[in-house]
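Number of protein chains: 2
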Amino acid sequence: MTDIIATVDVILLTLKEGCLRVALLKRDREPYANVLALPGGYIHPDGDADTEAAAERVLREKTGIVSPYLEQLATFSGRGRDPRGWSLSICYYALVPPELIESVGRPDLSLHPVDTLRGLPFDHARIIAAAVDRVKNKSSYSSLPVYLCGDAFTLPQLQAVYEILLGEPINKVSFRRKIEEFDILEPIQGVLATGGAHRPAQLYRLKKQYRKCLSVSDRGL
Amino acid sequence: MTDIIATVDVILLTLKEGCLRVALLKRDREPYANVLALPGGYIHPDGDADTEAAAERVLREKTGIVSPYLEQLATFSGRGRDPRGWSLSICYYALVPPELIESVGRPDLSLHPVDTLRGLPFDHARIIAAAVDRVKNKSSYSSLPVYLCGDAFTLPQLQAVYEILLGEPINKVSFRRKIEEFDILEPIQGVLATGGAHRPAQLYRLKKQYRKCLSVSDRGL
DNA sequence: GATGTTAGTTGCAATAATAAACAAAGTATC
DNA sequence: GATACTTTGTTTATTATTGCAACTAACATC
Numbered sequence: 001m002t003d004i005i006a007t008v009d010v011i012l013l014t015l016k017e018g019c020l021r022v023a024l025l026k027r028d029r030e031p032y033a034n035v036l037a038l039p040g041g042y043i044h045p046d047g048d049a050d051t052e053a054a055a056e057r058v059l060r061e062k063t064g065i066v067s068p069y070l071e072q073l074a075t076f077s078g079r080g081r082d083p084r085g086w087s088l089s090i091c092y093y094a095l096v097p098p099e100l101i102e103s104v105g106r107p108d109l110s111l112h113p114v115d116t117l118r119g120l121p122f123d124h125a126r127i128i129a130a131a132v133d134r135v136k137n138k139s140s141y142s143s144l145p146v147y148l149c150g151d152a153f154t155l156p157q158l159q160a161v162y163e164i165l166l167g168e169p170i171n172k173v174s175f176r177r178k179i180e181e182f183d184i185l186e187p188i189q190g191v192l193a194t195g196g197a198h199r200p201a202q203l204y205r206l207k208k209q210y211r212k213c214l215s216v217s218d219r220g221l
Numbered sequence: 001m002t003d004i005i006a007t008v009d010v011i012l013l014t015l016k017e018g019c020l021r022v023a024l025l026k027r028d029r030e031p032y033a034n035v036l037a038l039p040g041g042y043i044h045p046d047g048d049a050d051t052e053a054a055a056e057r058v059l060r061e062k063t064g065i066v067s068p069y070l071e072q073l074a075t076f077s078g079r080g081r082d083p084r085g086w087s088l089s090i091c092y093y094a095l096v097p098p099e100l101i102e103s104v105g106r107p108d109l110s111l112h113p114v115d116t117l118r119g120l121p122f123d124h125a126r127i128i129a130a131a132v133d134r135v136k137n138k139s140s141y142s143s144l145p146v147y148l149c150g151d152a153f154t155l156p157q158l159q160a161v162y163e164i165l166l167g168e169p170i171n172k173v174s175f176r177r178k179i180e181e182f183d184i185l186e187p188i189q190g191v192l193a194t195g196g197a198h199r200p201a202q203l204y205r206l207k208k209q210y211r212k213c214l215s216v217s218d219r220g221l
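Protein chains in written order, with this note's numbering: chain A, 1 to 221; chain B, 1 to 221.
These aren't lab readings, by the way, just hints derived from the structure by calculation.
Incorrect hints may appear among the rest.
[Claimed, not checked] Quick list of in silico lysine-lysine cross-link-like pairs, DSBU-like style, CA-CA up to 35 angstroms:
{"id": "1", "chain 1": "B", "residue 1": "136", "chain 2": "A", "residue 2": "212"}
{"id": "2", "chain 1": "A", "residue 1": "208", "chain 2": "B", "residue 2": "136"}
{"id": "3", "chain 1": "A", "residue 1": "136", "chain 2": "B", "residue 2": "178"}
{"id": "4", "chain 1": "B", "residue 1": "26", "chain 2": "B", "residue 2": "138"}
{"id": "5", "chain 1": "B", "residue 1": "212", "chain 2": "A", "residue 2": "178"}
{"id": "6", "chain 1": "A", "residue 1": "138", "chain 2": "A", "residue 2": "16"}
{"id": "7", "chain 1": "B", "residue 1": "136", "chain 2": "A", "residue 2": "207"}
{"id": "8", "chain 1": "A", "residue 1": "136", "chain 2": "B", "residue 2": "208"}
{"id": "9", "chain 1": "B", "residue 1": "138", "chain 2": "A", "residue 2": "16"}
{"id": "10", "chain 1": "B", "residue 1": "178", "chain 2": "B", "residue 2": "212"}
[Stated by the list, open to error] Derived DEER-like restraints, expressed as beta-carbon distance ranges:
{"id": "11", "chain 1": "B", "residue 1": "174", "chain 2": "A", "residue 2": "157", "range": "33 to 41 angstroms"}
{"id": "12", "chain 1": "A", "residue 1": "182", "chain 2": "B", "residue 2": "31", "range": "39 to 47 angstroms"}
{"id": "13", "chain 1": "A", "residue 1": "60", "chain 2": "B", "residue 2": "180", "range": "49 to 57 angstroms"}
{"id": "14", "chain 1": "A", "residue 1": "212", "chain 2": "B", "residue 2": "170", "range": "28 to 36 angstroms"}
{"id": "15", "chain 1": "A", "residue 1": "116", "chain 2": "B", "residue 2": "213", "range": "24 to 32 angstroms"}
{"id": "16", "chain 1": "A", "residue 1": "68", "chain 2": "B", "residue 2": "189", "range": "50 to 58 angstroms"}
Beta carbons: idealized from backbone N, C-alpha and C, even for Gly.
All chains, please: the whole structure from these sequences, using the hints.
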């Protein structure tokens with residue numbers, strides 16, 4: 001019986017300069033040595049409690065990042081995707097603010113706009129496309145995009161994040177109503193985002209109990 | 001290095017007598033011999049193109065069924081779920097009309113209401129719960145439930161299916177508006193569901209191009 | 001042919017989403 | 001230091017969507 005290669009891959013996404021970007025690493029071994037690819041690695045049955053733990057470990061080991069949001073995307077499999085043989089990759093996607101990626105200071109870790117990717121090994125292009133689809137779709141009815149923001153952010157900033165993901169402008173009042181409905185944010189009392197030549201905006205943060213979970217809406221937006 | 005047990009499991013769901021049911025098989029070998037469990041089996045890297053093909057094969061071999069709708073649910077994994085060791089199961093869920101299950105005439109295949117399951121082996125209870133969640137959630141904004149109906153059905157029948165899945169009555173006009181929006185059904189010209197002591201209903205079928213895909217709505221229902 | 005029952009449609013009221021206008025609070029300019 | 005400018009946040013008005021109730025339609029039964 002032929003053996004199965006079992007790995008996990010992590011699609012680490014962030015929003016920087018108005019564009020959704022994926023973190024890629026130069027591979028340090030064959031196959032595809034020195035090619036930019038998703039951070040991934042073998043599952044360690046001896047150490048990993050399950051594939052989610054494996055994904056957390058791989059992400060930590062390869063990028064130094066511990067993501068506040070990590071969710072299983074899907075499993076990709078088949079004979080053709082890895083030159084070593086029949087393989088199977090359980091994929092997880094993570095959303096982080098760009099500062100988190102920069103703060104770890106890994107020069108081999110680079111960010112790439114998700115819509116102009118070329119030369120990716122394995123089926124990583126397809127995997128990233130699936131992750132982007134998932135994020136965009138989930139953004140249309142949930143609070144998922146908050147994980148792309150830092151600890152504190154203003155509503156106009158959050159709205160800009162939504163607008164980039166959804167690819168269309170959102171009505172200000174509708175947006176604020178939805179966020180209000182989610183009931184996951186709290187204003188940071190007395191703290192405003194100052195600096196611009198205009199009225200300063202209220203800063204918000206995720207309520208503690210929502211640090212790792214989503215709020216979803218019945219009717220989109 | 002410890003080996004990983006790689007399997008696929010299929011959650012075959014149908015709606016019968018007003019209640020969502022899952023198809024279970026008596027296991028023919030250890031572990032859990034003679035216990036009711038999800039149809040599942042090892043991935044065959046030599047024969048299966050990918051895990052979806054493996055799931056199709058397993059479903060066909062163990063139940064005789066080829067499902068018009070089969071979608072990857074998630075991958076469940078870890079040390080504790082299988083007494084043989086660290087295991088991983090890529091799970092797929094299938095939706096079929098009850099007649100399809102009955103037509104294959106497998107006496108070892110039985111249907112069980114999803115909300116009163118007891119004594120399931122492995123983590124099959126959790127897997128089924130995840131599948132049911134997925135189906136119910138997806139029913140709230142897509143045309144998924146049509147796969148629980150047979151080839152031809154009336155709108156009141158389809159509405160009843162939705163109402164069972166969503167657990168609440170739906171407004172008749174709203175429902176028909178949404179189905180109209182999906183634009184996936186066509187009336188079977190001149191064919192009505194007769195028999196009752198009342199006005200006969202128009203029979204509908206899925207348009208050919210929508211046989212294996214879903215239609216989704218922006219705003220629920 | 002009157003009655004009961006479910007199918008399917010129509011019109012209206014209630015609700016929600018969008019758009020536009022306005023007010024608030026700061027910085028920059030002269 | 002008054003004025004203009006810019007973005008935030010709210011209020012009001014308009015439009016679209018949804019839900020309800022009443023109505024007609026088409027059978028079977030008695």
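Structure-based check of each hint:
For the hint linking residue 136 of chain B to residue 212 of chain A, the alpha-carbon distance of about 23 angstroms falls within 35 angstroms, and the restraint holds. Simply put, residue 208 of chain A and residue 136 of chain B have alpha-carbon atoms about 29 angstroms apart, close enough for the 35 angstroms limit, and the pair holds. About 23 angstroms separates the Cα atoms of residue 136 of chain A and residue 178 of chain B, which keeps this hinted pair within 35 angstroms; it holds. Annotation: proposed proximity of residue 26 of chain B to residue 138 of chain B holds, straight-line Cα distance about 29 angstroms (limit 35 angstroms).
As the CA atoms of residue 212 of chain B and residue 178 of chain A are separated by approximately 33 angstroms, the hinted pair is consistent with the 35 angstroms bound. Restraint check: the Cα-Cα separation between residue 138 of chain A and residue 16 of chain A comes to about 19 angstroms, which is no more than 35 angstroms; the hinted pair holds. Simply put, residue 136 of chain B and residue 207 of chain A have alpha-carbon atoms about 28 angstroms apart, close enough for the 35 angstroms limit, and the pair holds. Of the pairs offered as hints, the one joining residue 136 of chain A and residue 208 of chain B holds, with about 29 angstroms between alpha carbons and a cut-off of 35 angstroms not exceeded.
Taken as a hint, the residue 138 of chain B and residue 16 of chain A pair is honoured in the structure, with Cα atoms around 32 angstroms apart against an allowance of 35 angstroms. With a CA separation close to 19 angstroms, the supplied pair residue 178 of chain B and residue 212 of chain B stays within the 35 angstroms bound. The supplied range of 33 to 41 angstroms is met by residue 174 of chain B and residue 157 of chain A, whose beta-carbon atoms lie about 36 angstroms from each other. The given range of 39 to 47 angstroms is respected by residue 182 of chain A and residue 31 of chain B, whose C-beta atoms sit roughly 44 angstroms from each other.
One distance hint, 49 to 57 angstroms for the beta-carbon pair residue 60 of chain A and residue 180 of chain B, holds here, with the actual separation near 50 angstroms. Checking the proposed 28 to 36 angstroms range against residue 212 of chain A and residue 170 of chain B shows it holds: the Cβ atoms sit about 33 angstroms from each other. Here the CB-CB span from residue 116 of chain A to residue 213 of chain B is close to 28 angstroms, well matched to the stated 24 to 32 angstroms. A hinted range of 50 to 58 angstroms for the beta carbons of residue 68 of chain A and residue 189 of chain B is consistent with their spacing of about 56 angstroms.
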